[in-house]
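Sequences are here, hints too, so could you generate the full structure?
Going by the working numbering, the sequence shown opens with residue 1, and the numbers climb by one from there.
Hints in this document: simulated from the structure, not taken from any laboratory.
Wrong hints could be hidden among the right ones.
In the BS3-like style, the derived pairs of lysine-lysine whose C-alpha atoms are separated by at most 25 Å in a straight line are [what the hints assert, rightly or not]: (1) Lys183 to Lys165; (2) Lys179 to Lys216; (3) Lys165 to Lys179; (4) Lys183 to Lys216; (5) Lys218 to Lys165; (6) Lys179 to Lys215; (7) Lys63 to Lys38; (8) Lys216 to Lys165; (9) Lys218 to Lys183; (10) Lys218 to Lys179; (11) Lys165 to Lys215; (12) Lys183 to Lys215.
The following label-pair restraints were derived from C-beta to C-beta distances [claimed, not checked]: (13) Ser168 to Ala108: 17 to 25 Å; (14) Met40 to Met180: 46 to 54 Å; (15) Glu245 to Lys165: 23 to 31 Å.
C-beta atoms are modelled at their ideal positions from N, C-alpha and C, and glycine is treated no differently.
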Amino acid sequence: METADYLPQEDASAPETYPVPTSLGIKSWAEEDRPREKLMQKGRAALSDAELIAILLGSGTTKLTAVDVGKLMLQAVDNDLNELARLSMQQLCRHPGIGPAKAITVIAALELGRRRKESGAGRRTTIASSRDIYNLVRPQLQDLPHEEFWIVLLNRANVVMRTEKVSSGGVAGTVADPKMIFKHALEHLASSIILVHNHPSGNRQPSGADISLTKKLKEAGGFLDLPVLDHLIYTDLGYYSFADEGLL
1 METADYLPQE
11 DASAPETYPV
21 PTSLGIKSWA
31 EEDRPREKLM
41 QKGRAALSDA
51 ELIAILLGSG
61 TTKLTAVDVG
71 KLMLQAVDND
81 LNELARLSMQ
91 QLCRHPGIGP
101 AKAITVIAAL
111 ELGRRRKESG
121 AGRRTTIASS
131 RDIYNLVRPQ
141 LQDLPHEEFW
151 IVLLNRANVV
161 MRTEKVSSGG
171 VAGTVADPKM
181 IFKHALEHLA
191 SSIILVHNHP
201 SGNRQPSGAD
211 ISLTKKLKEA
221 GGFLDLPVLD
231 HLIYTDLGYY
241 SFADEGLL
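Quick look at the structure:
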(Lines of atoms letter the chains of each structure in order from A and count residues from 1; the text may use other names and numbers.)
(Lines give C-alpha, C1' and ligand atoms only; values in the text may rest on other atoms or scores of the structure.)
Protein backbone atom coordinates (compact mmCIF):
# COMPACT_ATOMS: atom_id res chain seq x y z
CA MET A 1 0.00 0.00 0.00
CA GLU A 2 1.41 3.35 -0.93
CA THR A 3 1.66 5.68 2.04
CA ALA A 4 3.11 8.78 0.42
CA ASP A 5 -0.28 9.75 -1.07
CA TYR A 6 -1.60 10.52 2.39
CA LEU A 7 1.10 13.08 3.07
CA PRO A 8 0.84 16.81 2.44
CA GLN A 9 2.61 17.66 -0.80
CA GLU A 10 5.34 20.23 -0.74
CA ASP A 11 4.71 23.23 -2.99
CA ALA A 12 7.04 26.18 -2.69
CA SER A 13 4.54 28.46 -4.46
CA ALA A 14 1.58 27.62 -2.25
CA PRO A 15 0.98 29.48 1.01
CA GLU A 16 1.15 27.55 4.25
CA THR A 17 -2.30 26.19 5.05
CA TYR A 18 -1.69 24.51 8.37
CA PRO A 19 -4.02 25.60 11.17
CA VAL A 20 -2.67 28.27 13.50
CA PRO A 21 -3.69 27.75 17.12
CA THR A 22 -5.33 30.60 18.99
CA SER A 23 -3.31 29.85 22.13
CA LEU A 24 0.28 30.88 22.73
CA GLY A 25 1.27 27.29 23.36
CA ILE A 26 0.58 24.30 25.58
CA LYS A 27 2.08 26.08 28.60
CA SER A 28 -0.74 28.63 28.40
CA TRP A 29 -3.38 25.88 28.69
CA ALA A 30 -5.07 24.94 31.93
CA GLU A 31 -2.82 22.45 33.71
CA GLU A 32 -5.37 19.62 33.53
CA ASP A 33 -5.50 20.00 29.72
CA ARG A 34 -1.75 19.72 29.11
CA PRO A 35 -0.93 16.23 27.79
CA ARG A 36 1.69 15.29 30.40
CA GLU A 37 -0.29 16.64 33.34
CA LYS A 38 -3.49 15.13 31.97
CA LEU A 39 -1.85 11.70 31.82
CA MET A 40 -0.60 12.00 35.41
CA GLN A 41 -3.97 13.15 36.74
CA LYS A 42 -6.42 11.12 34.64
CA GLY A 43 -4.38 8.20 33.29
CA ARG A 44 -3.17 7.28 29.82
CA ALA A 45 -6.62 6.22 28.56
CA ALA A 46 -7.86 9.80 28.94
CA LEU A 47 -5.51 11.11 26.24
CA SER A 48 -6.32 11.28 22.55
CA ASP A 49 -3.92 9.84 19.97
CA ALA A 50 -2.77 13.37 19.11
CA GLU A 51 -2.04 14.11 22.77
CA LEU A 52 0.01 10.92 23.12
CA ILE A 53 1.99 11.87 20.01
CA ALA A 54 2.49 15.35 21.47
CA ILE A 55 4.17 13.83 24.53
CA LEU A 56 6.55 11.98 22.21
CA LEU A 57 7.31 15.13 20.23
CA GLY A 58 7.90 17.31 23.27
CA SER A 59 7.39 20.58 21.39
CA GLY A 60 5.75 22.04 18.33
CA THR A 61 6.65 25.02 16.16
CA THR A 62 6.29 28.78 16.53
CA LYS A 63 2.79 28.51 15.06
CA LEU A 64 1.72 25.00 16.07
CA THR A 65 1.57 23.30 19.45
CA ALA A 66 2.81 19.72 19.73
CA VAL A 67 -0.85 18.63 19.86
CA ASP A 68 -1.52 20.50 16.60
CA VAL A 69 1.42 18.73 14.97
CA GLY A 70 0.10 15.40 16.24
CA LYS A 71 -3.33 16.15 14.79
CA LEU A 72 -1.81 17.01 11.40
CA MET A 73 0.16 13.78 11.37
CA LEU A 74 -2.98 11.78 12.08
CA GLN A 75 -5.09 13.70 9.57
CA ALA A 76 -2.54 12.86 6.87
CA VAL A 77 -3.19 9.14 7.41
CA ASP A 78 -6.95 9.38 8.00
CA ASN A 79 -6.40 8.93 11.75
CA ASP A 80 -5.15 5.39 11.16
CA LEU A 81 -2.28 4.46 13.49
CA ASN A 82 -1.45 1.44 11.33
CA GLU A 83 -0.86 3.79 8.39
CA LEU A 84 1.24 6.06 10.59
CA ALA A 85 3.39 3.07 11.56
CA ARG A 86 4.15 2.42 7.88
CA LEU A 87 5.70 5.83 7.29
CA SER A 88 9.45 6.15 6.96
CA MET A 89 11.55 8.76 8.75
CA GLN A 90 11.74 10.79 5.53
CA GLN A 91 7.96 10.76 5.15
CA LEU A 92 7.39 11.81 8.76
CA CYS A 93 9.86 14.66 8.34
CA ARG A 94 7.62 16.23 5.69
CA HIS A 95 5.27 17.34 8.45
CA PRO A 96 5.80 20.78 10.00
CA GLY A 97 7.80 20.66 13.20
CA ILE A 98 9.12 17.14 12.58
CA GLY A 99 12.85 16.62 12.17
CA PRO A 100 14.85 13.38 12.23
CA ALA A 101 15.04 13.22 16.04
CA LYS A 102 11.27 13.54 16.51
CA ALA A 103 10.56 11.19 13.61
CA ILE A 104 12.83 8.55 15.16
CA THR A 105 11.06 8.95 18.51
CA VAL A 106 7.67 8.32 16.90
CA ILE A 107 8.99 5.33 14.92
CA ALA A 108 10.57 3.85 18.06
CA ALA A 109 7.33 4.20 20.05
CA LEU A 110 5.26 2.54 17.32
CA GLU A 111 7.84 -0.24 17.01
CA LEU A 112 7.63 -0.90 20.76
CA GLY A 113 3.87 -1.24 20.36
CA ARG A 114 4.38 -3.76 17.58
CA ARG A 115 6.90 -5.73 19.64
CA ARG A 116 4.52 -5.79 22.57
CA LYS A 117 2.09 -7.72 20.39
CA GLU A 118 4.92 -10.03 19.37
CA SER A 119 6.03 -10.71 22.95
CA GLY A 120 4.98 -14.18 23.93
CA ALA A 121 3.74 -15.11 20.45
CA GLY A 122 4.65 -18.67 19.60
CA ARG A 123 5.10 -19.86 23.17
CA ARG A 124 3.43 -23.25 23.17
CA THR A 125 1.09 -22.09 20.43
CA THR A 126 -0.87 -24.89 18.81
CA ILE A 127 -1.93 -24.39 15.21
CA ALA A 128 -5.46 -25.64 14.65
CA SER A 129 -6.64 -23.27 11.92
CA SER A 130 -5.49 -20.69 9.41
CA ARG A 131 -6.59 -17.97 11.83
CA ASP A 132 -4.06 -19.30 14.35
CA ILE A 133 -1.32 -18.89 11.73
CA TYR A 134 -2.44 -15.36 10.92
CA ASN A 135 -2.42 -14.33 14.57
CA LEU A 136 1.01 -15.91 15.05
CA VAL A 137 2.78 -14.08 12.22
CA ARG A 138 0.95 -10.77 12.44
CA PRO A 139 3.52 -9.12 14.76
CA GLN A 140 6.32 -9.91 12.29
CA LEU A 141 4.52 -8.91 9.10
CA GLN A 142 2.22 -6.07 10.13
CA ASP A 143 2.92 -2.72 8.47
CA LEU A 144 5.80 -4.01 6.33
CA PRO A 145 6.28 -2.01 3.08
CA HIS A 146 8.08 -4.93 1.39
CA GLU A 147 7.53 -8.67 0.95
CA GLU A 148 9.00 -11.26 3.30
CA PHE A 149 8.82 -15.05 3.22
CA TRP A 150 8.57 -16.91 6.54
CA ILE A 151 8.18 -20.51 7.62
CA VAL A 152 6.52 -21.90 10.74
CA LEU A 153 8.00 -25.17 12.02
CA LEU A 154 5.71 -27.53 13.93
CA ASN A 155 6.18 -30.69 15.98
CA ARG A 156 3.98 -33.78 15.74
CA ALA A 157 1.33 -32.18 17.95
CA ASN A 158 1.17 -29.11 15.68
CA VAL A 159 2.80 -26.99 18.38
CA VAL A 160 4.97 -24.16 17.04
CA MET A 161 8.65 -24.92 17.44
CA ARG A 162 9.86 -21.69 15.87
CA THR A 163 9.17 -19.16 13.12
CA GLU A 164 11.96 -18.12 10.76
CA LYS A 165 12.34 -15.52 8.04
CA VAL A 166 13.64 -17.13 4.86
CA SER A 167 13.93 -14.10 2.61
CA SER A 168 13.10 -10.42 2.20
CA GLY A 169 12.42 -8.62 -1.06
CA GLY A 170 10.82 -5.57 -2.59
CA VAL A 171 7.29 -4.28 -2.83
CA ALA A 172 6.38 -6.65 -5.67
CA GLY A 173 7.95 -9.90 -4.49
CA THR A 174 10.61 -11.93 -2.75
CA VAL A 175 12.54 -15.09 -3.59
CA ALA A 176 11.99 -18.25 -1.55
CA ASP A 177 14.70 -20.89 -1.96
CA PRO A 178 13.25 -24.41 -1.40
CA LYS A 179 16.68 -25.68 -0.30
CA MET A 180 16.89 -23.09 2.48
CA ILE A 181 13.30 -23.72 3.56
CA PHE A 182 13.79 -27.46 4.04
CA LYS A 183 17.30 -26.99 5.44
CA HIS A 184 15.80 -25.00 8.34
CA ALA A 185 13.07 -27.59 8.86
CA LEU A 186 15.47 -30.55 8.88
CA GLU A 187 17.98 -28.84 11.17
CA HIS A 188 15.29 -28.29 13.79
CA LEU A 189 13.71 -31.74 13.36
CA ALA A 190 10.33 -30.29 12.43
CA SER A 191 7.47 -32.66 11.67
CA SER A 192 5.67 -30.27 9.33
CA ILE A 193 5.94 -26.74 8.00
CA ILE A 194 3.70 -23.82 7.13
CA LEU A 195 4.65 -21.26 4.49
CA VAL A 196 3.83 -17.59 4.95
CA HIS A 197 4.49 -14.48 2.91
CA ASN A 198 2.92 -11.05 2.85
CA HIS A 199 1.43 -8.87 0.13
CA PRO A 200 2.11 -5.20 1.06
CA SER A 201 -0.40 -4.15 -1.60
CA GLY A 202 -3.22 -5.61 0.48
CA ASN A 203 -4.26 -7.99 -2.32
CA ARG A 204 -4.95 -11.36 -0.72
CA GLN A 205 -5.18 -13.36 -3.93
CA PRO A 206 -2.21 -15.59 -4.88
CA SER A 207 -0.25 -14.86 -8.03
CA GLY A 208 0.64 -17.52 -10.57
CA ALA A 209 4.13 -17.59 -9.07
CA ASP A 210 2.66 -18.13 -5.58
CA ILE A 211 0.63 -21.10 -6.80
CA SER A 212 3.57 -22.60 -8.68
CA LEU A 213 5.92 -22.24 -5.70
CA THR A 214 3.39 -23.78 -3.33
CA LYS A 215 2.96 -26.79 -5.58
CA LYS A 216 6.73 -27.21 -5.88
CA LEU A 217 7.28 -27.02 -2.12
CA LYS A 218 4.41 -29.38 -1.39
CA GLU A 219 5.93 -32.00 -3.70
CA ALA A 220 9.40 -31.53 -2.17
CA GLY A 221 7.96 -31.86 1.33
CA GLY A 222 6.31 -35.10 0.35
CA PHE A 223 9.64 -36.61 -0.70
CA LEU A 224 11.25 -35.52 2.59
CA ASP A 225 8.35 -36.61 4.80
CA LEU A 226 7.90 -32.96 5.79
CA PRO A 227 4.32 -32.10 4.84
CA VAL A 228 3.46 -28.51 3.97
CA LEU A 229 0.26 -27.93 5.93
CA ASP A 230 -0.61 -24.51 4.55
CA HIS A 231 0.63 -21.47 2.68
CA LEU A 232 -0.76 -18.24 4.07
CA ILE A 233 -0.74 -14.93 2.19
CA TYR A 234 -0.77 -12.22 4.83
CA THR A 235 -2.20 -8.71 4.53
CA ASP A 236 -2.97 -6.28 7.34
CA LEU A 237 -6.68 -6.59 6.55
CA GLY A 238 -6.93 -10.35 6.20
CA TYR A 239 -5.36 -13.40 4.60
CA TYR A 240 -5.60 -16.13 1.99
CA SER A 241 -5.10 -19.76 3.04
CA PHE A 242 -4.18 -22.33 0.40
CA ALA A 243 -5.41 -25.09 2.72
CA ASP A 244 -8.78 -23.41 3.30
CA GLU A 245 -9.20 -22.99 -0.45
CA GLY A 246 -8.41 -26.64 -1.13
CA LEU A 247 -5.16 -25.91 -2.96
CA LEU A 248 -3.01 -28.12 -0.72
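Verification of the supplied hints:
1. Lys183 to Lys165: holds (13 Å)
2. Lys179 to Lys216: Given pair Lys179, Lys216 holds - Cα atoms ~12 Å apart, limit 25 Å.
3. Lys165 to Lys179: holds (14 Å)
4. Lys183 to Lys216: Cα-Cα ~15 Å, so holds.
5. Lys218 to Lys165: Answer holds: Lys218 to Lys165 is near 19 Å, not above 25 Å.
6. Lys179 to Lys215: Since the Cα atoms of Lys179 and Lys215 sit roughly 15 Å apart, the hinted pair holds (cutoff 25 Å).
7. Lys63 to Lys38: Between Lys63 and Lys38 the Cα gap is close to 22 Å, so the pair holds against 25 Å.
8. Lys216 to Lys165: holds (19 Å)
9. Lys218 to Lys183: holds (15 Å)
10. Lys218 to Lys179: Holds - the C-alpha atoms of Lys179 and Lys218 are around 13 Å apart, at most 25 Å.
11. Lys165 to Lys215: holds (20 Å)
12. Lys183 to Lys215: holds (18 Å)
13. Ser168 to Ala108: 17 to 25 Å: holds (21 Å)
14. Met40 to Met180: 46 to 54 Å: holds (51 Å)
15. Glu245 to Lys165: 23 to 31 Å: Once the Cβ atoms are compared, 25 Å apart, the range 23 to 31 Å for Lys165 and Glu245 holds.
Of the numbered hints listed earlier, not one is contradicted by the structure.
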